[in-house]
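For chain A, the structure is supplied; the task is to place chain B on it using the hints.
Those sequence lines, one after another, are chains A and B. Sequential numbering of the first sequence, starting at 1, is according to the working numbering. Sequential numbering of the second sequence, starting at 1, is according to the working numbering.
Not close to chain A: a few residues of chain B, all C-beta gaps over 10 Å, as computed:
hint: 1; residue: V50
hint: 2; residue: G64
hint: 3; residue: R151
hint: 4; residue: G170
hint: 5; residue: K258
Per label pair, the in silico range of CB-to-CB distance:
hint: 6; chain 1: B; residue 1: L457; chain 2: A; residue 2: I3; range: 22 to 32 Å
hint: 7; chain 1: A; residue 1: K22; chain 2: B; residue 2: A463; range: 28 to 38 Å
hint: 8; chain 1: B; residue 1: L284; chain 2: A; residue 2: Y161; range: 19 to 29 Å
hint: 9; chain 1: B; residue 1: V206; chain 2: A; residue 2: F292; range: 52 to 62 Å
hint: 10; chain 1: B; residue 1: L457; chain 2: A; residue 2: S5; range: 15 to 25 Å
hint: 11; chain 1: B; residue 1: P220; chain 2: A; residue 2: V413; range: 53 to 63 Å
hint: 12; chain 1: B; residue 1: T269; chain 2: A; residue 2: K108; range: 50 to 60 Å
hint: 13; chain 1: A; residue 1: V43; chain 2: B; residue 2: R402; range: 38 to 48 Å
For the record, the hints were derived by calculation from the structure and aren't laboratory data. Just so we're clear, the structure is a prediction, and the values are computed from it rather than from any experiment. Every residue, glycine too, gets a C-beta built ideally from N, C-alpha and C.
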Amino acid sequence: MNILSLFPAVPLLMMLGLWLSKSRRQIHAVMVAGSSALLVLAVWLVFRYLGLREAGETAQMLLTDSVVWYAPLNIHYAVGVDGISVAMLLLSAIIVFTGTFASWQMQKDVKAYFLWFCLLSVGVFGFFISVDLFTMFMFYEVALIPMYLLIGVWGSGRKEYSAMKLTLMLMGGSALLLIGILGIYFGAGATTMNVQEIAALHNIPVELQRIWFPLVFVGFGVLGALFPFHTWSPDGHASAPTAVSMLHAGVLMKLGGYGCFRVAMYLLPDAAHELSWIFIILTTISVVYGAFSACVQTDLKYINAYSSVSHCGLVLFAILMMNTTASTGAILQMLSHGLMTALFFALIGMIYGRTHTRDVRQLSGLMKVMPFLAVGYVIAGLANLGLPGLSGFVAEMTIFNGAFMNADTFHRVVTVIACTSIVITAVYILRVVGRILYGTCENPEHLKLSDATWDERFAVICLVVAIAGMGLAPLWVSDLIRGSVSELIAHILS
Amino acid sequence: MDYTSIFPLMRAELTLTAILVLLFLYDLIAGERGRRWFSAVACGLLVVQVIVTLVPAPAGELFGGMFRYTPMDGVVKGVLAVGALVVCLQSDTWLRRDDTRHKQGEFYILTLSTLLGMYFMIGAGHFLMFFIGLELASVPMACLVAFDKYRRYSAEAGAKYILCALFSSGLMLFGISFFYGTTGTLYFDDLAARLTGSPLEIMSLVFFFSGLGFKISLVPFHLWTADAYQGAPTAVTSYLSVVSKAAAAFVLFTTLVKVFAPMVEQWQTLLWIVTVLSITVANLFAIRQKDLKRFMAFSSISQAGYIMLAVIGGTPLGMTSLVFYVLVYLAANLAVFGVLATVEQHADGRISLGDYNGFYRTNPRLAVMMMLALFSLAGIPPFAGFFSKFFVFTAAFQAGFRVLVFIALLNTVISLYYYLLIVKAMFITPSDAPIAPFRSDNYTRVSLALCLAGVLLLGVVSAVYDGINALSFGL
Numbered sequence: 001m002n003i004l005s006l007f008p009a010v011p012l013l014m015m016l017g018l019w020l021s022k023s024r025r026q027i028h029a030v031m032v033a034g035s036s037a038l039l040v041l042a043v044w045l046v047f048r049y050l051g052l053r054e055a056g057e058t059a060q061m062l063l064t065d066s067v068v069w070y071a072p073l074n075i076h077y078a079v080g081v082d083g084i085s086v087a088m089l090l091l092s093a094i095i096v097f098t099g100t101f102a103s104w105q106m107q108k109d110v111k112a113y114f115l116w117f118c119l120l121s122v123g124v125f126g127f128f129i130s131v132d133l134f135t136m137f138m139f140y141e142v143a144l145i146p147m148y149l150l151i152g153v154w155g156s157g158r159k160e161y162s163a164m165k166l167t168l169m170l171m172g173g174s175a176l177l178l179i180g181i182l183g184i185y186f187g188a189g190a191t192t193m194n195v196q197e198i199a200a201l202h203n204i205p206v207e208l209q210r211i212w213f214p215l216v217f218v219g220f221g222v223l224g225a226l227f228p229f230h231t232w233s234p235d236g237h238a239s240a241p242t243a244v245s246m247l248h249a250g251v252l253m254k255l256g257g258y259g260c261f262r263v264a265m266y267l268l269p270d271a272a273h274e275l276s277w278i279f280i281i282l283t284t285i286s287v288v289y290g291a292f293s294a295c296v297q298t299d300l301k302y303i304n305a306y307s308s309v310s311h312c313g314l315v316l317f318a319i320l321m322m323n324t325t326a327s328t329g330a331i332l333q334m335l336s337h338g339l340m341t342a343l344f345f346a347l348i349g350m351i352y353g354r355t356h357t358r359d360v361r362q363l364s365g366l367m368k369v370m371p372f373l374a375v376g377y378v379i380a381g382l383a384n385l386g387l388p389g390l391s392g393f394v395a396e397m398t399i400f401n402g403a404f405m406n407a408d409t410f411h412r413v414v415t416v417i418a419c420t421s422i423v424i425t426a427v428y429i430l431r432v433v434g435r436i437l438y439g440t441c442e443n444p445e446h447l448k449l450s451d452a453t454w455d456e457r458f459a460v461i462c463l464v465v466a467i468a469g470m471g472l473a474p475l476w477v478s479d480l481i482r483g484s485v486s487e488l489i490a491h492i493l494s
Numbered sequence: 001m002d003y004t005s006i007f008p009l010m011r012a013e014l015t016l017t018a019i020l021v022l023l024f025l026y027d028l029i030a031g032e033r034g035r036r037w038f039s040a041v042a043c044g045l046l047v048v049q050v051i052v053t054l055v056p057a058p059a060g061e062l063f064g065g066m067f068r069y070t071p072m073d074g075v076v077k078g079v080l081a082v083g084a085l086v087v088c089l090q091s092d093t094w095l096r097r098d099d100t101r102h103k104q105g106e107f108y109i110l111t112l113s114t115l116l117g118m119y120f121m122i123g124a125g126h127f128l129m130f131f132i133g134l135e136l137a138s139v140p141m142a143c144l145v146a147f148d149k150y151r152r153y154s155a156e157a158g159a160k161y162i163l164c165a166l167f168s169s170g171l172m173l174f175g176i177s178f179f180y181g182t183t184g185t186l187y188f189d190d191l192a193a194r195l196t197g198s199p200l201e202i203m204s205l206v207f208f209f210s211g212l213g214f215k216i217s218l219v220p221f222h223l224w225t226a227d228a229y230q231g232a233p234t235a236v237t238s239y240l241s242v243v244s245k246a247a248a249a250f251v252l253f254t255t256l257v258k259v260f261a262p263m264v265e266q267w268q269t270l271l272w273i274v275t276v277l278s279i280t281v282a283n284l285f286a287i288r289q290k291d292l293k294r295f296m297a298f299s300s301i302s303q304a305g306y307i308m309l310a311v312i313g314g315t316p317l318g319m320t321s322l323v324f325y326v327l328v329y330l331a332a333n334l335a336v337f338g339v340l341a342t343v344e345q346h347a348d349g350r351i352s353l354g355d356y357n358g359f360y361r362t363n364p365r366l367a368v369m370m371m372l373a374l375f376s377l378a379g380i381p382p383f384a385g386f387f388s389k390f391f392v393f394t395a396a397f398q399a400g401f402r403v404l405v406f407i408a409l410l411n412t413v414i415s416l417y418y419y420l421l422i423v424k425a426m427f428i429t430p431s432d433a434p435i436a437p438f439r440s441d442n443y444t445r446v447s448l449a450l451c452l453a454g455v456l457l458l459g460v461v462s463a464v465y466d467g468i469n470a471l472s473f474g475l
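Bound conformation, chain A alone (with noise of 0.2 Å):
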């Protein structure tokens, strides 16, 4: 069996595990030990992939493998990893095992939750690897749909809206991407649906691409929170319980990023040559909109949820410069938001759970009843605003830089709007570590409460490292993928 089948077959067999489990000891013990094991075997996947490529390994994809499913439409189950698949399912694993932590204290029927847990991370971990259009789009789906119970059970608030609003939305962009998907089968002459084998083809006619390029890049775009289709993640990430917040903002919406990238891009460059500037409007509208609509919430998941909004659309707007530099950043920027805003929801959803409520006007001066949760507080905002040494700087920067290389006056413009993001999200970040942080306790019941739990901190301390990490250090990760970044970029633009 491939190494890479063990991404999607640990969970399965965390599944299984849980399933069989007893006590709430016995779950916790499964999650531990299959969430760790993904992680172990992430870590081991980046060291391998970087070895292989020392030795000289030029292929575009490596540890490939593929195993006829369905003969007669060509659907193989086709796995394989680059430097971009490799970054990424880091990033998941990272998550996920950060995510078991902090649903540490999770109640009501923990076996359900983490069963449906299990199967989101089966879905993630399975798109990244694949290689196959036909398998993508169906892990893709698998990662869709336990977040309706996660979010409707589990979550909180307007949850059963929510949950029904997000994966129907998502719903809706997964019915574009599966005509695109066979648009794009039958546009390259119905051999093959494997991504790489379709982009040597090249054959898709340019009036084909134009139908498909628009329908597949929304498709993934409304995961990747593409205005004006992000409705769904304000009021989905705010009423989703604290671990699923983190996996969904933090990996699943980089399917999105991702599958735009990949699929959309990748595969239909002529068109994607020609409607690139649609998106770049659209997405220069997230950034900017993201970013003042946080301004102005008071719920901190809300806040966050639109933060998010603007992060991510700055990595489809990176995508869309098409040029080596700024796609890099996208990546960077995918695994740096990430990354943060998992940490972001994490702290988020312990604050919540002590104080019972999200709402920025009824908290105030926590960091001297809470120091631990406030310092995570106060990182994970300062590496959103962008600050050097944290990831956000990085990524950011980079995109900015990429995105003023094309010279003309149409990606300059706006790429200066979208800059401007930068300072407004200092404001909304700032304005909120002022006001619940700092100054003094104006709630009474609030200075009863506890900091945070061995749990609580461990996950935090993992994402914090990750963060400073990436940030102190970002030539590591930039390297794991500049090589698979220009391949792909050098495709789309011959």
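Relative to the frame of chain A, chain B by itself:
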């Protein structure tokens, strides 16, 4: 005529007739004690039927082309027999009730008669044979719909069903008579050679189509569906929604492709309109339903629309997708009806959406079963429904019906919404008076296990699809 060739080609029909006779005799001979084993005997015989039907045999013709057999027919007949088997397993509790216990035999005989009718419909090579099969499949069905004859709804449903069935049969016969008028033959092969697509023939095609459209309950021939589904006993509803529909859909495919090949543009236009209407109208109506049987009626109309996506291309890929879709739909829909039936029997006929609030708290296994089946119907991976939907979309797309596929895809979002409404009721909405925990009987459990295996495995394991596909190229 070589009588030895009859058995291999007609083995499904002959076995089924033998089973009918055996059950009839058993009903006569067995006393009150023997009747307790009626379900077991009937199901055992049906297992034999499934096995006999699925044994492969070469294609052939009988009675001068009146009856024909292809390996694909064998597979479809086998699938229908599996459907009938599952329905019989699920109807055990209901048949043991006081008011139905004395007519168990009638239930099985009527059900299997309709099955025999469907077999003849599938095997027909001549329109008269076809029509006899259709009538044999329709008339006993009306008795089944009105089986709970002392319940007002059931009697009303039976009356509605028989009136609509007769009207549509009449229309169909009218259409067939015009075909005879224009071509001078009713043999499928001769018709295919002589049809010209004249306006009279187009009108006859519409009449013919409306007859089958009634059986498949496509919009606009669907008006009987909701009432009949609601009024009929649940076991009959599930039989009606799966087996009867599947047989008619398959027959529609073969007649359109084999007989009406010269009129392909006309029937594709017709089918295009009917498909869009079926999927969209049924989806919109399903949203508003509170009674789950009515709800499943509209759901099954919309599913029939998806089946038509496989028919419209008329390609071998479409044939494979059709049979595979039907098989997957059978597993998922019978699972839903299995749960509905057992709940209805154990909870005093509670069948509305509101009754299922909090169902997961009290009966987690049945709730999960129902959820998986609904996800399969909605086309969510990794359940079989995702694969079957993907294949029908591929088949229609390959034949060039892109806009149709697009409309159908947008409709999957609506259908997901209403399937999720049930999931929401079971898992999320709390209830003051949830359905009390109960143990369902062993027959139901076996049937649900069969359906669950179908829902989980049919898609992931590609062997079944490959097997069907190997047969569809002889089209």
